[in-house]
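There are 2 protein chains.
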Amino acid sequence: MTGCRHVATFAFVEGATEEQIAAVASGLGALRDQIPEIGEYHFGPDLGLNDGNQQFAVVADFEDVDGYLAYRDHPAHQAVLAERIRPILASRSAVQFAL
Amino acid sequence: MTGCRHVATFAFVEGATEEQIAAVASGLGALRDQIPEIGEYHFGPDLGLNDGNQQFAVVADFEDVDGYLAYRDHPAHQAVLAERIRPILASRSAVQFAL
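Read top to bottom, the protein sequences are chains A and B. The numbering of the first sequence is this note's numbering, which starts it at -1 and goes up by one. The numbering of the second sequence is this note's numbering, which starts it at -1 and goes up by one.
Any given hint could be a false lead.
[As the list claims (entries may be wrong)] One side of the interface only, derived from the structure: several residues of chain B facing chain A at Cβ under 8 angstroms:
1. Arg3
2. Val5
3. His40
4. Asn51
5. Phe54
6. Val63
7. Ser91
8. Val93
9. Phe95
Rather than coming from a laboratory, the hints here were simulated on the basis of the structure. Given the structure is predicted, the values throughout are model-derived calculations rather than measurements. Where a beta carbon is used, it is the ideal one built from N, C-alpha and C, also for glycine.
Turn these sequences into a full structure, and let the hints steer you where they fit.
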């Protein structure tokens, strides 16, 4: 295995506002400068192409599992989860796989 | 928007075998040669780092939404879904976002 890709999708509660979802994106965007282990890092709201989709996805690439674990447990990441994501989260799906 | 990233995560039914999950990966791997719209294409089984994860993820990048739609609706992709994924699928989450 050469790298580790983290994938997460979020469904938000009914009533989550565009401002709240934009705050998720801006919060995640700020992590790149705070967590050097982050490699490729892409995220965004669902484009609305398919019924039944979740509303937001994050894909983060790391050199190895340790890099992912550093991201997962980093206080700045935990703060985004606690302050911006969990308050509007209805459900979450995640996978980490070898890249 | 310059591109479109498709993200899907799958939870498999209890009793899905390693052979069945390997057949999902090999079926997806064969799509690259059949669907020229596919750009970067990575997928794999969950690494087991976190409780509560789903069991498999796919991340496919396309030049544009039309490329994604060509992949989504391609008969070879539909055959992998029908023959290898849906028979062992417990739940699925998906998002397409601008890349």
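Verification of the supplied hints:
no.	hint	verdict
1	Arg3	6 angstroms, holds
2	Val5	5 angstroms, holds
3	His40	6 angstroms, holds
4	Asn51	5 angstroms, holds
5	Phe54	7 angstroms, holds
6	Val63	7 angstroms, holds
7	Ser91	4 angstroms, holds
8	Val93	4 angstroms, holds
9	Phe95	4 angstroms, holds
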